[in-house]
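Chains as they are written, first to last, in my numbering: chain A, 1 to 189; chain B, 1 to 189; chain C, 1 to 189; chain D, 1 to 189; chain E, 1 to 189; chain F, 1 to 189.
Certain hints may be false.
If several chains are the same, the list does not tell them apart, and a pair holds so long as it fits within one copy or across any two.
Cross-link-like lysine-lysine pairs, in silico, DSS-like; alpha carbons within 30 Å at most [unchecked claim]: (1) K30 / K146; (2) K189 / K146; (3) K30 / K189; (4) K189 / K67; (5) K30 / K67.
I should point out that these hints are in silico values taken from the structure, not numbers from a laboratory. Being a predicted model, the structure only gives us computed values, none of them experimental.
Protein chains: 6
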Amino acid sequence: MTQAISRFPVPSLQELPEDIRTRIEQVQAKSGFIPNVFLTIAYRPDEFRAFFAYHDALMDRASGLTKAEREMIVVATSSANQCHYCVIAHGAILRIRAKNPLIADQIAVNYRKADITPRQRAMLDFALTVALQPYTVGEPDFEALKTHGFSMDDIWDIAAIAGFFAMSNRLANVSDMRPNDEFYSLGRK
Amino acid sequence: MTQAISRFPVPSLQELPEDIRTRIEQVQAKSGFIPNVFLTIAYRPDEFRAFFAYHDALMDRASGLTKAEREMIVVATSSANQCHYCVIAHGAILRIRAKNPLIADQIAVNYRKADITPRQRAMLDFALTVALQPYTVGEPDFEALKTHGFSMDDIWDIAAIAGFFAMSNRLANVSDMRPNDEFYSLGRK
Amino acid sequence: MTQAISRFPVPSLQELPEDIRTRIEQVQAKSGFIPNVFLTIAYRPDEFRAFFAYHDALMDRASGLTKAEREMIVVATSSANQCHYCVIAHGAILRIRAKNPLIADQIAVNYRKADITPRQRAMLDFALTVALQPYTVGEPDFEALKTHGFSMDDIWDIAAIAGFFAMSNRLANVSDMRPNDEFYSLGRK
Amino acid sequence: MTQAISRFPVPSLQELPEDIRTRIEQVQAKSGFIPNVFLTIAYRPDEFRAFFAYHDALMDRASGLTKAEREMIVVATSSANQCHYCVIAHGAILRIRAKNPLIADQIAVNYRKADITPRQRAMLDFALTVALQPYTVGEPDFEALKTHGFSMDDIWDIAAIAGFFAMSNRLANVSDMRPNDEFYSLGRK
Amino acid sequence: MTQAISRFPVPSLQELPEDIRTRIEQVQAKSGFIPNVFLTIAYRPDEFRAFFAYHDALMDRASGLTKAEREMIVVATSSANQCHYCVIAHGAILRIRAKNPLIADQIAVNYRKADITPRQRAMLDFALTVALQPYTVGEPDFEALKTHGFSMDDIWDIAAIAGFFAMSNRLANVSDMRPNDEFYSLGRK
Amino acid sequence: MTQAISRFPVPSLQELPEDIRTRIEQVQAKSGFIPNVFLTIAYRPDEFRAFFAYHDALMDRASGLTKAEREMIVVATSSANQCHYCVIAHGAILRIRAKNPLIADQIAVNYRKADITPRQRAMLDFALTVALQPYTVGEPDFEALKTHGFSMDDIWDIAAIAGFFAMSNRLANVSDMRPNDEFYSLGRK
């Protein structure tokens, strides 16, 4: 018995537009499996293109935040939104990026107790404010971040990643997007 | 005295990449002014491209939801996130799309009391759940929507619009994105 | 087709006690229309008399707060209570009192982002605490207000206005009190 | 050592306007002491007159709710607002009106577990909605109340009492209005 | 007519194991009645033994907190959890321990307004954080407590008492555990 | 570099009372390591004895709930309280008890989306109500559980386990109790 990966129709690779199929095949070649987010969002090709272009613009760009730190933001805010797919898939990516088998579970359960630096704690405090009470953001938040050496460019990154996953978490929760079984154990040893 | 439109650097049109400048000039030609969201997000050209591609994929596509209904979702969820830019700019668009000078303020203050149909009320109830408690979405939500004749495709639209503006509201709140003065009075007569 | 202005019976002017009819006719003469709050509350003449006596005692008295500032308190707290009538009717009054067509919408959506002074921000922070978490009010709130030059008399005014509209917002939400169409556009030019 | 009864200046009886002094002396004659709310609100004579006129219009009128039931609404909603004065003073009045030494503490702690009828439970469920989430009130609330035999007139009473004490609770919390020691033990035997 | 003291079966004294019956008879001899918590929890003898062993370990040990202070923690946190049994029974014990007929009601309604010392206020602020937002506890909480002279041992006591009654409040709310009528008036004179 | 396992002093095995040392050595022999909860709580020997007696009374008794189901309750409620130790240690136990390497992470992130039966979903809905809003528990909760075949005895188990871990989560969050590294990977293959 296999579990559905989405409440919505999931297209087969063959019926997808060329560019989308190619993108998915590249991921498959690299990862050894197709992460379900690709198949779920492919239900809407135009949204697929915009979604992954946005994702890459944020997660692959040169930044004052390391790739592991960006994944910390994803895991912490996705946990606040109780998003299966994002916590489990990005938890795996965080373990790999940080070369730390414990960090993803720690941040998912309670980032305040995780083995992170005070600077990373400030980053996640802000990311959670953006995720949960964005209307309160103001000067004191910026001052706290600058105390830890974050530039305005870094702050945009934190906010934009928290914002992008605010969207992703909602899509995943509505579609019942199922994380691939592979993600649960990746990066644990 | 002019007010800043963003906490972050705002590029001049001349320094922007050709495609972005062209897009902005088209909007300006059509609207008579440049909505500040274009200038604020242009701080990051790659994100700009993905943001507006995503926006157009959702807001301009053929859909079971009218354009006015899609704007209702934007206004209702952006109000829950207390987002100046989105409530005021999309409030104007809603007034124009719905040809109703009262509807945007009604939905912004309390959509439960607005002059909308029971079907639209169900649509906004769901959009607010997606905006505020996405982790609770489940079978009863889908059943309630189907009772009002929404298809799975329509439901994706509601969720995706609520999700996209979950992101936009966060970017706008963090950047202190200022709505253009023009939006306040558009569509009121 | 006309919309009901209240879930409860609305008396005609003729059947109202003399003093109440006179009061309403004076407002009508001055405004050009009868604000629906008068007709809705007139369902209960004794409560009508107390309600408007209280309103006038707070809103018309000599005070360290300007009339526009008092309306800011009304709009900000009524928005937190999602009260159609109070946000829309007092939004109009605020625009007129402040001679500012933008300020009411700004405060209704998110007072933290509005074009107000730091002193007004402190006033509204306190008003929102009174509206939403009155049980936490204590010495630190008073100290913060005094830093901005508010006297004890001013603080009473802020609290009493937030309190009076805590009541009004509840009456309006339960009665589905409908703001007159005229209010939406008043003071916008 | 005596405790202050208010953060604000408390007028002496002699300096009060004739009508207010008379009202207070009547209460004192009847109760054997001056409830502190009279002295606290007398700081503002016009507000005093409106406050007690409003109070009497709601609490002394002929109504489908008994006087004990009206006090139940006061105690339940004032407890939700954590209001010392109102819970303790009106708790005493409730014990006396209901001739039940246990009922006030039960309702103050958790009205859902109190020795009340299903009809009273429905009344308090609605009163708490009015107190805490007034923006959600709608048709289902009215239907639930009608099932228990409440008329529209009764529903207004519930809402208006919850609304009036929403105001009173805020005044009492801001002024640190102290309940008289006498109230704690009244009606317990 | 007598009210049930629990939703669950209540064993008779005779059918209880010897040690439990003895414990209950000792309490009865001392208090003049059997507090209902003993009969309710006796539904599960092993849990009874652990429950009261835990209770005594916390409430009877030598501590930097007085017995009255420990009861303050119980009353304040149990009020936040709206627990009939614990607020009313431990309110009585608090009145007796503190030799103060007013303190229990004050703390139950709003501990921030109670006649307590700044040190006790800090103790209760922490206890409420433990009760309601335990995941946020961190260094600033410990620093605030140390400012008031609390040792690490004292802090453990506050947390453990708040934790134990987090459990008790849940058992009492689920079982509809009814406080004995005697508790309401104990210690009031 | 080793991380502290508690904010409070951690006794060495040698200095512990005989019965406690024996208990800990038995666990160590069985598990291959000493779970940190034993060392953290051993700071207080009397509380240690009551804590583990209570734990065993609930988790080891014959019950209508399987051992895996009881661990589901622990993981789901501990996640709501963001408790590092309990989610990670009991997540491991759940994986082992359920012979399912995915279930613990699923329940920790969002139990509504986990691979569980409708009966288990009802069990966890109730456990979360007990954990987060115990004051609302009433007849409808009991009816919903009975629909799924839960007996009153089962319901006590659910409530008592949610209650016991309400306490444990608070102790762990205040003490910064650190889960042993071993737990993160146990039961994943």
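Run through the hints listed earlier and report the numbers of any the structure violates, in increasing order. Violated hints: 1 and 2; rest satisfied.
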